[in-house]
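Listed in order, the protein sequences are those of chains X and S.
So the first sequence is numbered by numbering that gives the first Met the number 0: it starts at 0 and just counts up by one.
So the second sequence is numbered by numbering that gives the first Met the number 0: it starts at 0 and just counts up by one.
In short, the hints are calculated from the structure, not lab data.
Since this is a predicted model, take the numbers as computed values, not measurements.
The beta carbon of each residue, even a glycine, is placed where N, CA and C say it ideally should be.
Hints may be right or wrong, so weigh each one.
Cross-link-like lysine to any residue pairs, in silico, SDA-like; alpha carbons within 25 Å at most [to be verified]:
hint	chain 1	residue 1	chain 2	residue 2
1	S	Lys1	S	Gly38
2	X	Lys25	S	Pro82
3	S	Lys25	X	Glu102
4	X	Lys136	S	Lys1
Ranges between beta-carbon positions, derived for each pair [stated by the list, open to error]:
hint	chain 1	residue 1	chain 2	residue 2	range
5	X	Pro36	S	Gly241	24 to 30 Å
6	S	Gly125	X	Glu59	35 to 41 Å
7	S	Lys88	X	Pro24	47 to 53 Å
8	X	Ser158	S	Gln252	54 to 60 Å
9	S	Pro20	X	Ser249	25 to 31 Å
10	S	Gln273	X	Lys1	58 to 64 Å
11	S	Ser16	X	Ala227	45 to 51 Å
12	S	Ile3	X	Pro128	48 to 54 Å
13	X	Pro24	S	Gly241	41 to 47 Å
14	S	Ser289	X	Glu18	43 to 49 Å
15	X	Phe35	S	Thr56	41 to 47 Å
Protein chains: 2
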Amino acid sequence: MKAITRIEHCLALAVASNEAPGSPPKLAAAICHAVFPGGARIRPQLCLAVANACGNTDPELADAAAVAIELLHCASLVHDDLPCFDDAKTRRGRASVHFAYGECLAVLAGDALIVMAFDTLASAAGRSPTRLAPLLKVIAAGVGMPHGIVAGQAWESESRVSLSQYQRAKTGALFVAATCAGALSAGADPRDWQALGERLGEAYQIADDIRDVMGQADLLGKPVGQDAQHARPNAITNLGLGGAVSYFESLIQEAADSVPECASRQAMRELVWQESERLVPRTACNVYRSVVLPAETV
Amino acid sequence: MKAITRIEHCLALAVASNEAPGSPPKLAAAICHAVFPGGARIRPQLCLAVANACGNTDPELADAAAVAIELLHCASLVHDDLPCFDDAKTRRGRASVHFAYGECLAVLAGDALIVMAFDTLASAAGRSPTRLAPLLKVIAAGVGMPHGIVAGQAWESESRVSLSQYQRAKTGALFVAATCAGALSAGADPRDWQALGERLGEAYQIADDIRDVMGQADLLGKPVGQDAQHARPNAITNLGLGGAVSYFESLIQEAADSVPECASRQAMRELVWQESERLVPRTACNVYRSVVLPAETV
Numbered sequence: 000m001k002a003i004t005r006i007e008h009c010l011a012l013a014v015a016s017n018e019a020p021g022s023p024p025k026l027a028a029a030i031c032h033a034v035f036p037g038g039a040r041i042r043p044q045l046c047l048a049v050a051n052a053c054g055n056t057d058p059e060l061a062d063a064a065a066v067a068i069e070l071l072h073c074a075s076l077v078h079d080d081l082p083c084f085d086d087a088k089t090r091r092g093r094a095s096v097h098f099a100y101g102e103c104l105a106v107l108a109g110d111a112l113i114v115m116a117f118d119t120l121a122s123a124a125g126r127s128p129t130r131l132a133p134l135l136k137v138i139a140a141g142v143g144m145p146h147g148i149v150a151g152q153a154w155e156s157e158s159r160v161s162l163s164q165y166q167r168a169k170t171g172a173l174f175v176a177a178t179c180a181g182a183l184s185a186g187a188d189p190r191d192w193q194a195l196g197e198r199l200g201e202a203y204q205i206a207d208d209i210r211d212v213m214g215q216a217d218l219l220g221k222p223v224g225q226d227a228q229h230a231r232p233n234a235i236t237n238l239g240l241g242g243a244v245s246y247f248e249s250l251i252q253e254a255a256d257s258v259p260e261c262a263s264r265q266a267m268r269e270l271v272w273q274e275s276e277r278l279v280p281r282t283a284c285n286v287y288r289s290v291v292l293p294a295e296t297v
Numbered sequence: 000m001k002a003i004t005r006i007e008h009c010l011a012l013a014v015a016s017n018e019a020p021g022s023p024p025k026l027a028a029a030i031c032h033a034v035f036p037g038g039a040r041i042r043p044q045l046c047l048a049v050a051n052a053c054g055n056t057d058p059e060l061a062d063a064a065a066v067a068i069e070l071l072h073c074a075s076l077v078h079d080d081l082p083c084f085d086d087a088k089t090r091r092g093r094a095s096v097h098f099a100y101g102e103c104l105a106v107l108a109g110d111a112l113i114v115m116a117f118d119t120l121a122s123a124a125g126r127s128p129t130r131l132a133p134l135l136k137v138i139a140a141g142v143g144m145p146h147g148i149v150a151g152q153a154w155e156s157e158s159r160v161s162l163s164q165y166q167r168a169k170t171g172a173l174f175v176a177a178t179c180a181g182a183l184s185a186g187a188d189p190r191d192w193q194a195l196g197e198r199l200g201e202a203y204q205i206a207d208d209i210r211d212v213m214g215q216a217d218l219l220g221k222p223v224g225q226d227a228q229h230a231r232p233n234a235i236t237n238l239g240l241g242g243a244v245s246y247f248e249s250l251i252q253e254a255a256d257s258v259p260e261c262a263s264r265q266a267m268r269e270l271v272w273q274e275s276e277r278l279v280p281r282t283a284c285n286v287y288r289s290v291v292l293p294a295e296t297v
């Protein structure tokens, strides 16, 4: 089965568990809305690709790690869209959760998704119980305090913030969790895969910044110009558009080079290039380098 | 060391881990505000009491379970106080988290507390790795979908709701998690301790309903009359004040009777009576039975 098919199947199973008798139907629907239809599912795919590269000795645990990471990503999007943050009315091309179900159910859907993520991991640990604690910790580090997604979001409430610290926490941390969790689910050393997560995560954030300035709302499925509107740190402000594009390309190169020796090294490197092309196509990179932006967009 | 002292010490250690270099200081402060000073810490005390009754064969894991349960309780209070839910400006006699730190940091503090809870559990599983998965699952069931705290909260968004289903999820579920987690942390069978959690949880919810109608805001440290104001299901509406008081007393009796045979059975039963006295003193029960409430308070 293709990785993406397996991920969608496992996500559907996890989400269906909320529709048990005696569960509140609107919250179950709001959770489903938050997870389906999904985006590119890049984090869980990355997790499974690393698990495969490490021999995938416990496929059930690898699937659960991939699902946990995607559920946590969905949770962060739901809370990020809330009126007190971005107040985004659309996400992935349709209504955001709070716009469709109200603020209360959006807060609760995010909370429920976080709990589900860890519950899913625990449910799959039967064959390799000693892998559960390190796996859970590496995933928790990607989302919690002091350096995970919530920390990244919280930097938006501080008056002084370093761009790299902010981006590492807000986006990079979950990519690192994805690669390290893939390794840990297969009983391998996560340190060999940390650099891949770090570089890809940073590249992803830079790509997001580039697309926030250059993108079209209908292509992204969410509003553009959000960073300028919310006065959020954005790489374009520091590097200029050309500088950001060059930095993006160097991060992708470093990500590909960081893949350690393993049977599927070439396949992993190709996944990195393919993802790079999806994020900011090479042809666009070349065009963007010559664009001069009006001052108010950065 | 007294249980409450150990709980406060372990909570302080967990919360201090958020103040690592490179972590966003306002969110760290908001989390601290959410956890200290605490309330009665009844759930973690219950968890430790059951762990002790079961021989407390892994005290570090029992402490972590108690801390996880209290952190999850704190998370639910922070999100429950948000403007879209109760919009409570006070909690435990001082500013609620969103009132002190703003809505964004309150949402994130709740999220971070949920992640911390599971991370704390994983950090303490070194000695008994096979206990981690069942422990995590019983705690996740107490807070997540389909029947935990978030489900309970979500019933407030439904037009049709059964009072017992609502209360079981909103309050009872975490009490059941507390007693079952205490047993599991010591390697014992959680089923022997489920009834204790169920009865105490229900008694606690009924006591809350009684105090919401009869209590004084300065004694509770939070606004009273919230249920009527938010048109939430409340036991007084169904049973009347006298009926609710009698039902509370019968639940406490059943809780005490449910404690299984163990070395500390008498101590556990005394904890139940003591907690009952703290929730609704027996003298107040006798007074309340003869009170006639004005129609608009129920």
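Against the structure, the hints come out as follows:
1. Using a Cα cut-off of 25 Å, the hinted pair S/Lys1 and S/Gly38 holds, with the two alpha carbons roughly 17 Å apart.
2. Note on X/Lys25 and S/Pro82: the hinted pairing holds, with a Cα-Cα distance of about 20 Å set against a maximum of 25 Å.
3. About 23 Å separates the Cα atoms of S/Lys25 and X/Glu102, which keeps this hinted pair within 25 Å; it holds.
4. Proximity of X/Lys136 to S/Lys1 is assessed by CA-CA distance (about 29 Å); at most 25 Å being required, the pair is judged violated.
5. Separated by about 54 Å at the C-beta atoms, X/Pro36 and S/Gly241 break the suggested range of 24 to 30 Å.
6. As the Cβ distance of S/Gly125 to X/Glu59 is approximately 23 Å, the hint placing it in 35 to 41 Å is violated.
7. Distance hint check: the CB atoms of S/Lys88 and X/Pro24 are about 32 Å apart, inconsistent with the given range 47 to 53 Å.
8. At about 56 Å, the CB distance of X/Ser158 to S/Gln252 agrees with the hint of 54 to 60 Å.
9. Restraint check, S/Pro20 to X/Ser249: a C-beta distance of roughly 27 Å satisfies the suggested window 25 to 31 Å.
10. Taking the beta carbon of each, S/Gln273 and X/Lys1 are about 59 Å apart, inside 58 to 64 Å as hinted.
11. Between S/Ser16 and X/Ala227 the beta carbon distance is about 35 Å. The supplied range of 45 to 51 Å is therefore violated.
12. Look at S/Ile3 against X/Pro128: about 32 Å separates their beta carbons, and that is not inside 48 to 54 Å.
13. With their beta carbons about 35 Å apart, X/Pro24 and S/Gly241 fall outside the hinted range of 41 to 47 Å.
14. A C-beta distance of roughly 46 Å is found between S/Ser289 and X/Glu18, which places it inside the suggested range of 43 to 49 Å.
15. Distance hint check for X/Phe35 and S/Thr56: the Cβ-Cβ separation is about 43 Å, which falls inside the suggested range of 41 to 47 Å.
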